[in-house]
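Colleague: Listed below are the residues making up each chain.
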Amino acid sequence: MKRSEKIITNSVKIAGSSSILFILLIFVFLVREGLPALSEVSLKDLFSGRWYPIEDLFGLLPLISGSLVVTFTSILIALPLGIGTAIYIGEIAPKNVKEILKPTVEIMAGIPSVVLGFIGIQALSPFLREFFNLPTGLTALSGSILLAMIAIPSIVSIAEDALYAVPNSYRDASYALGATQWQTIWGVVLPAARNGLLTAVMLGIGRSLGETMAVMMVTGNAATTFSGLKSVIMPVRTMTATIASEMGEVASGSVHYHVLFFIGIILFIFSLIINISSSTVQGKSKQERGQVIS
Amino acid sequence: MRRYPEPKESRFGITRQQSQKIGFSFIRLISLITVLPILGIIVYIIVKGGSHISWEFLTSMPSDGMRAGGILPAIVGTFYLMAGTALFSIPLGIAAGIYLSEYAQDSYWTRFIRVAIISLGGVPSVVYGLFGLGLFVLFCNFGISILSASLTLSIMTLPVIISTTEEALRSVPYRFRVVGVSLGGTQWQTITRVILPQALPGILTGIILGLERAVGETAPILFTGATFYLPHLPSSPLDATMALPYHIYVISTQVPGMSSGVQYGTVLVLMVFVLGMNLIASLIRSRARAKRQW
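Chains A and B, in that order, give the protein sequences. For the first sequence, UniProt numbering begins at 1 and goes up steadily by one. For the second sequence, UniProt numbering begins at 1 and goes up steadily by one.
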């Protein structure tokens, strides 16, 4: 092999491994800036119920609860809409409708979250305030609706792939037994695609949990802990919004700064768990299908 | 012999055909609920923002505390960030994609790389912002600058470019490689002269979609490169910059008494950016499909 070729090959190999370097760097720098929080604030205070940095109160519970409320509600909205749309695109829609629907969903994925946040402020929150007769329209629900719009495109595309991966022989067998198309979708295709659908939902949760701008702009940013169903139509503050809105104002190296990085560590670990486990679920479903066919 | 229950012709007094009709209408309704808000938002932004777009709005500096005048520095800043991101992420992403598709064996190391790519793709955007602040702004001492923001956005864009490049390369049939090598080419010559040209449209699509995401993101540049207001255009990569998404955030939440014309106009400009890139990507894709020879 020529020397120049060897150099090129080696640099391509190094580039190939760069992702590992970056994920490690992210982890190292989050830990470097965030771990001191544990020695500066006691664990008991860190997991207490009040977030009020000006008085050195760094209770993360309201923020975690805020993130969970907003994410959970958004998935309740996005799950039926996303899977339903995927079923329509994959199983029912005639070809010309499909050719309009698919690009529309792609466009939806491309809308920047700050634009959705802007529309949320301009149109959605005023509407919700009138509709529920609230003092403010900046609530967890407003955030959840925007998050659903952000999560839906990824749910649709992964769920559609999962439906597409179900072999046609399954459908044919079902029709041959006299089932209608609807019975086939409901009783054969969806169960066969369940692992893929699960992946879709998990990644949807991941996107919702990590989304920042749209949520920060419309949820009102009040650090309150979940207290029953009413919390959904009250202002909340998520972990991501806290980092984004407060990091600009803290002195680097202060306790507040370290705690914000600590929140980053929590988000990072959440996202790792969701993404790695959903990719194993997906891999498993491919294996199972392979066994059925062979 | 096992006896199977008689198949039910109707349930709840509805025949199977009727239940299929109800089911299909329901799924159609769901798809409509998913798609209509997107189309609504796009039309709404075009209608409200279109009247404010003028040559002057696009090419002059903001005035009156950003309540009037143009958005030139934000547009230029977004171009700079896009160029910076492209500069770092495209060569690295393509090289890594080549490695995974052409060189990597199915080893633990390769699997580790894939897990890292999946994880990078799931890291919340605000966590990228924290990472960029820790590594580029503070540790490397690049300050709040176009350089820091571009590097941060590059790492965020990397997984998209790597996976689309790998997919595009893998879709080139194996016989192309055999022919390349049998004509006396080295592996690298075969890759650059035979495989890459064939995979180019797929790679380009991935690059555009990755950059589209980077252009619309706000959270990663919040504390790495974006600035509230700049009286002049940035003159070096170490200057901070204004950018369209951050500008939208600022004028919709931070500046009281904003005129809605400037707001919707700015949103429309960003949407044209993003949707234009989306359109170019799908044009490339459909043209390549029509021309494909294998």
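Mixed in with the good hints, there may be bad ones.
Claimed, not checked - Lysine-lysine pairs mimicking DSS-like chemistry, simulated, CA-CA at most 27 Å apart:
1) A:K2 to A:K13
2) A:K95 to B:K48
3) A:K6 to B:K21
4) A:K98 to B:K291
Think of the hints as simulated: they come from the structure by calculation, not from any bench.
Colleague: List, from low to high, the hint numbers that the structure doesn't satisfy.
Modeller: 2 and 3
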